[in-house]
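Chains as they are written, first to last, in the numbering used here: chain X, 1423 to 1521; chain G, 27 to 168.
The set of hints was computed from the structure by calculation and includes no laboratory data. These numbers were taken from a predicted model, which means no experiment stands behind them. There could be a bad hint or two in this list.
The calculated lysine to aspartate or glutamate pairs, modelled on EDC-like cross-linking and capped at a C-alpha distance of 20 Å, are [to be verified]:
#1 X:1462 to G:138
#2 X:1483 to X:1461
#3 X:1483 to X:1470
#4 G:81 to G:47
#5 X:1472 to G:72
#6 X:1472 to G:101
#7 G:124 to G:49
#8 G:81 to X:1480
#9 X:1469 to G:138
#10 X:1505 to G:138
#11 G:124 to G:93
#12 G:81 to G:49
#13 G:81 to X:1470
#14 X:1469 to G:33
#15 G:124 to G:91
#16 X:1469 to G:72
#17 G:124 to G:101
#18 G:124 to G:29
#19 X:1469 to G:101
#20 X:1472 to X:1461
#21 X:1469 to G:35
#22 X:1505 to G:35
Ranges of calculated distance between the beta carbons of each label pair, as one might list FRET restraints [stated by the list, open to error]:
#23 X:1509 to G:52: 18 to 26 Å
#24 X:1502 to G:127: 41 to 49 Å
#25 X:1461 to G:70: 17 to 25 Å
#26 X:1481 to G:63: 42 to 50 Å
Sample of chain G residues facing chain X (criterion: CB under 8 Å; computed from the structure) [to be verified]:
#27 131
#28 135
#29 138
Cβ coordinates follow ideal geometry from the N, Cα and C atoms, glycine included.
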Amino acid sequence: MSDRRDRGDRGDRGERGERGGNNRRKFVARRKVCIYCADKIRTPDYKDVKRLQRFISERGKITPRRRSGTCARHQRGLTVAVKRARHLALLPFIAAHTR
Amino acid sequence: MRELQRDYELMFIISPLRSSEEDVTTITNRVQQSVASIGGEVISSENGSPWGRRKLAYPIRRYSEGEASRRSFNEGFYVLMRLSLPTTQLNEFERQLKLNEAVIRHLVTLVDQRGQVVGAASGISESTSVIDDADDTNDDDE
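All chains, please: the whole structure from these sequences, using the hints.
If you want it as structure tokens, here you go:
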């Protein structure tokens, strides 16, 4: 699963995937766009809990860039924002059911 | 040398045991006083939604007044403040916050000055979003 995702992130693989995708299952690579770039937000804000929740896995982990599709710059800010939100108990450190 | 003032953002959580309306005002007043005492200034203070009384994402265990053991809190009263403080006095200000028993958590962050401009421009981005969408579809075609 993760392997498929890895391939999926590379925008440049899109054309090649179609060529070699005869006997393999077809995987159309969708270009992911950084949400923060799309919304023109300079740095992720720790108070914006709703948006941050999208970058948190079921277990409360910060999702990697290859899954979330954020650009490097915003991912850097995002990790800081998530950690700040955790400190203020706006986001969990671990999932509620594992406690 | 003149002291350098900077804008900060403070968010703190008041213990739910002290979150009645008058308690909240006395506590925020106390914070405002300590800001004033170190030569800072409170620009704005808000505890309306989404802040105010809120569920915590995880229980926080803190000592509360008159109790021997730590108590686990599942709720808190959030207050967000914009401050302008002399940079040299920040440590003193945080020390006073820590001494305040009603405050169970706090966070002081530096406000990005250029971030304000972007924040103001967020209204504009809504109108330009149509154009952005068109750009995205172009990318897919390539």
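How the hints compare with the structure:
no., hint, in the structure
1, X:1462 to G:138, "holds (15 Å)"
2, X:1483 to X:1461, "violated (23 Å)"
3, X:1483 to X:1470, "holds (17 Å)"
4, G:81 to G:47, "holds (17 Å)"
5, X:1472 to G:72, "holds (19 Å)"
6, X:1472 to G:101, "holds (18 Å)"
7, G:124 to G:49, "holds (18 Å)"
8, G:81 to X:1480, "holds (19 Å)"
9, X:1469 to G:138, "holds (14 Å)"
10, X:1505 to G:138, "holds (18 Å)"
11, G:124 to G:93, "holds (18 Å)"
12, G:81 to G:49, "holds (19 Å)"
13, G:81 to X:1470, "holds (16 Å)"
14, X:1469 to G:33, "holds (17 Å)"
15, G:124 to G:91, "holds (14 Å)"
16, X:1469 to G:72, "holds (13 Å)"
17, G:124 to G:101, "holds (19 Å)"
18, G:124 to G:29, "violated (24 Å)"
19, X:1469 to G:101, "holds (17 Å)"
20, X:1472 to X:1461, "holds (14 Å)"
21, X:1469 to G:35, "holds (11 Å)"
22, X:1505 to G:35, "holds (16 Å)"
23, X:1509 to G:52: 18 to 26 Å, "holds (25 Å)"
24, X:1502 to G:127: 41 to 49 Å, "violated (29 Å)"
25, X:1461 to G:70: 17 to 25 Å, "holds (24 Å)"
26, X:1481 to G:63: 42 to 50 Å, "holds (44 Å)"
27, 131, "holds (6 Å)"
28, 135, "holds (7 Å)"
29, 138, "holds (6 Å)"
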